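Residue numbers (our numbering), protein chains in the order written: chain A, 267 to 596; chain B, 7 to 333.
Worth flagging that the hints you see were computed from the coordinates, not collected in a lab. Since this is a predicted model, take the numbers as computed values, not measurements. Check before you lean on any hint, since a few could be wrong.
Derived coverage of chain A by chain B (criterion: at least 3 residues anywhere in the stretch with Cβ under 8 Å from a Cβ of chain B; other residues may be distant) [to be verified]:
(1) 364-377
(2) 398-409
(3) 460-471
Not the full set, but computed from the structure, chain A residues with beta-carbon under 7 Å of chain B [what the hints assert, rightly or not]:
(4) H286
(5) I388
(6) G391
(7) P394
(8) V395
(9) D589
(10) V590
(11) Y591
Some chain A residues close to chain B (C-beta under 8 Å, calculated; not the full set) [as the list claims (entries may be wrong)]:
(12) R525
(13) V530
(14) W533
For every residue, glycine included, the Cβ atom is placed at its ideal position computed from N, Cα and C.
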Amino acid sequence: MPSAGSLPLPDRAHALELLHGMLRIRRFEEKSAELYTLGKIRGFLHLYIGEEAVAVGSMQALTADDNIVATYREHGQALARGIPAGGLMAEMYGKVNGCCRGRGGSMHFFDVARRFYGGHAIVGGGLPVAVGLALADRMQKRPRVTACFFGDGAVAEGEFHESLNLAALWRLPVLFLCENNLYAMGTALDRHQAQPDLRVKAAGYAVPAEAVDGMDVLAVESATCRAAHAVRRDEGPFLLELRTYRFRAHSMADPELYRAKEEVERWKSRDPIDLFMSSLRGWGLLTDADLAAMEAAVAREVDEAVAIAEAGPWEPLEDLTRDVYTVNEP
Amino acid sequence: MTKMTYREAVRSALREALRNDPRVFLMGEDVGRYGGCFKVSHGLLEEFGPERVRDTPLSESTFLGAGIGAALGGMRPIVEIMTVNFSLLAMDQIVNNAATLRHMSGGQLSVPLVVRMATGGGRQVAAQHSHSLEGWYAHIPGIKVVVPGTPADARGLLLAALQDPDPVFVFEPSALYGVDGEVDEAAGPGEIGRALVLRPGDAASLITYGGCVGKALQAADQLGVEGIAVEVLDLRSLRPLDTAAVLASVARTHRAVIVDEGWRTCSFAAEVSALIMEGAFYSLDAPVGRVCSAEVPMPYARHMEDAALPQVPAIVAAVRETLGSHG
Numbered sequence: 267m268p269s270a271g272s273l274p275l276p277d278r279a280h281a282l283e284l285l286h287g288m289l290r291i292r293r294f295e296e297k298s299a300e301l302y303t304l305g306k307i308r309g310f311l312h313l314y315i316g317e318e319a320v321a322v323g324s325m326q327a328l329t330a331d332d333n334i335v336a337t338y339r340e341h342g343q344a345l346a347r348g349i350p351a352g353g354l355m356a357e358m359y360g361k362v363n364g365c366c367r368g369r370g371g372s373m374h375f376f377d378v379a380r381r382f383y384g385g386h387a388i389v390g391g392g393l394p395v396a397v398g399l400a401l402a403d404r405m406q407k408r409p410r411v412t413a414c415f416f417g418d419g420a421v422a423e424g425e426f427h428e429s430l431n432l433a434a435l436w437r438l439p440v441l442f443l444c445e446n447n448l449y450a451m452g453t454a455l456d457r458h459q460a461q462p463d464l465r466v467k468a469a470g471y472a473v474p475a476e477a478v479d480g481m482d483v484l485a486v487e488s489a490t491c492r493a494a495h496a497v498r499r500d501e502g503p504f505l506l507e508l509r510t511y512r513f514r515a516h517s518m519a520d521p522e523l524y525r526a527k528e529e530v531e532r533w534k535s536r537d538p539i540d541l542f543m544s545s546l547r548g549w550g551l552l553t554d555a556d557l558a559a560m561e562a563a564v565a566r567e568v569d570e571a572v573a574i575a576e577a578g579p580w581e582p583l584e585d586l587t588r589d590v591y592t593v594n595e596p
Numbered sequence: 007m008t009k010m011t012y013r014e015a016v017r018s019a020l021r022e023a024l025r026n027d028p029r030v031f032l033m034g035e036d037v038g039r040y041g042g043c044f045k046v047s048h049g050l051l052e053e054f055g056p057e058r059v060r061d062t063p064l065s066e067s068t069f070l071g072a073g074i075g076a077a078l079g080g081m082r083p084i085v086e087i088m089t090v091n092f093s094l095l096a097m098d099q100i101v102n103n104a105a106t107l108r109h110m111s112g113g114q115l116s117v118p119l120v121v122r123m124a125t126g127g128g129r130q131v132a133a134q135h136s137h138s139l140e141g142w143y144a145h146i147p148g149i150k151v152v153v154p155g156t157p158a159d160a161r162g163l164l165l166a167a168l169q170d171p172d173p174v175f176v177f178e179p180s181a182l183y184g185v186d187g188e189v190d191e192a193a194g195p196g197e198i199g200r201a202l203v204l205r206p207g208d209a210a211s212l213i214t215y216g217g218c219v220g221k222a223l224q225a226a227d228q229l230g231v232e233g234i235a236v237e238v239l240d241l242r243s244l245r246p247l248d249t250a251a252v253l254a255s256v257a258r259t260h261r262a263v264i265v266d267e268g269w270r271t272c273s274f275a276a277e278v279s280a281l282i283m284e285g286a287f288y289s290l291d292a293p294v295g296r297v298c299s300a301e302v303p304m305p306y307a308r309h310m311e312d313a314a315l316p317q318v319p320a321i322v323a324a325v326r327e328t329l330g331s332h333g
């Protein structure tokens, strides 16, 4: 169990907000899995369950003006960023009231108003885009940070190494957030990395790096705030490795033949929501009534999201080639 | 009108864009201090400084992707890739991001990115620097593909690319960099998606683009001496393609030969041929002919490279064949 140690206790309202943030991701995704088995959601569905502390903790370091680039396992980041759950659920239904008109589905959430630039389903492919967003900010003298999420699998891609190098070379304000859940799909970290201590790779590019317990939302929050602060101070990019674990299969199609049930159970005993709730109770910051009210609010939000998705219309077929170009060509 | 080389015409457009639009910047390998692998950007670093003329590491995928990100962030990046063969290292960013982001985001994003690269053979630099892959790129919806075949178009189409809200790939045939032509530096941007009849004629249509434009004109000259008036149509843009101009030309001449430096199999010439079958079949007096590169990786030795590429005698022969097959 994590302890606040000698640190001051977190502010109650803020702590409950963090818990609420994690709970809504958990319940939204449990509902998504159910809807997938009913055939309402199709394609690939990659659940974030187990990793909620990473999205919720790290998002605390970002302002509304910062940019976010995420992966295909981005429901958590999207919800934590404040993209309405109804738009996300409708997107997964493939409805035109989805956040991308049903063009992207679960793996490709975009919301320009919230500076949420995907939703990238090519592992490593979002990193160069994040570097470019930061370059544009630098050239236009905007004090933004670009937060770029990617998994441990991306570390094996050339684009990871190229992007760290370029961002460092040009001192660009990119916060590289490596969500290390120990598996590149089904390949364990020590089966794809000669050096499985990921943060040390940053040293080769003169990028400062830190690793943090990704199951501890307060630790994630404080590490991300420190790192984002350094980036904002114009110290160049920073790599934060968030050590976490996904409790569910890679996608709904994964029979999980590559990892032991005991390993999953061991990690589930460090469930970020359970850990945080037990800390909060220990500190006297959470009552049963708080939790019941929170669960009820989350259930309402998820129900409303499903209703929005159910009620949403399908995009008309005559719009098939819309938005291939800004002015559509024949 | 000013006489200038293709290289100078590209530079003229780059300089004008950098002067007129603070959002424009150039990045790529050796575009700054070295002056550009083909000397296209020579002098621009001195004039515009290292913020706007950026030397990059040899990381094609990442600096092209950074161009996409910078475009999303409100800039107008011009990414230079030394040759089309090196662009294959950036294919992920091109196909999976540049071409998809607008559509996949439901129209929220646009990527006003310009990518320039050298293409084609004829300089004895063998099989990893000489290929003509613009036809591959033309396969991809979401990007635009232009191949200027003259200095005037090298300037005009680059300026047009910079005004386009979507990603435009400009392929510059490296064999043309030293070729002269008349350029009107007062002329504004050209029009992407518009083919141009460079030589009117009624005997047959020579449909071509890029590095083969000059060869097609030479072939037309030779045939003209014999009184055979061949129309030369420069496509200039492969996507969007000016289908109407192709069909109108064939409707006038009833015969078509397509000249394309790509390999014949699955070539852009095959696409044009199919369009003619679909849209002008009943205008045709003879089968559509194609002159393409031989199906080999580009050889180094001069005589072998010459034999691999479309050449004037082969174009002349193909026109004769299409004429001979009538009746």
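Hints and how they fare:
1. Check on the stretch 364-377 of chain A: 10 of its residues sit with their Cβ under 8 Å from a Cβ of chain B, so the three-residue criterion for coverage holds.
2. With a threshold of 8 Å between beta carbons, the proposed coverage of the stretch 398-409 of chain A by chain B holds, since 8 of its residues qualify and at least three are required.
3. Coverage of the stretch 460-471 of chain A by chain B is violated. Counting CB-CB distances below 8 Å, 0 residues qualify, and the rule asks for three or more.
4. Against a cut-off of 7 Å between C-beta atoms, the interface hint on A/H286 is violated, since the closest Cβ of chain B lies about 28 Å away.
5. The interface hint given for A/I388 is met, as the beta carbon of that residue sits about 5 Å from the closest beta carbon of chain B, less than 7 Å.
6. Residue-level restraint check for A/G391 holds (minimum Cβ-Cβ distance to chain B is 6 Å; threshold 7 Å).
7. With 7 Å as the threshold, the beta carbon of A/P394 comes within range of chain B, its nearest partner Cβ sitting at about 2 Å, so the hint holds.
8. Interface restraint check: A/V395 against chain B, minimum CB-CB distance 4 Å, threshold 7 Å, status holds.
9. Interface hint at A/D589: satisfied, since its Cβ lies 4 Å from the closest Cβ of chain B, which is below the 7 Å cut-off.
10. Hint status for A/V590: holds, given a least beta-carbon distance of 5 Å to chain B, under 7 Å.
11. Proximity of A/Y591 to chain B holds as hinted, the smallest CB-CB distance being about 5 Å (cut-off 7 Å).
12. For the restraint placing A/R525 at the interface with chain B, the shortest Cβ-Cβ distance is roughly 28 Å, beyond the 8 Å limit, so the hint is violated.
13. Annotation: A/V530 was flagged as interfacial toward chain B, and the flag is violated, the nearest CB pair being 32 Å apart, outside 8 Å.
14. Taking 8 Å as the C-beta cut-off, the interface hint given for A/W533 is violated, the closest approach to chain B being about 32 Å.
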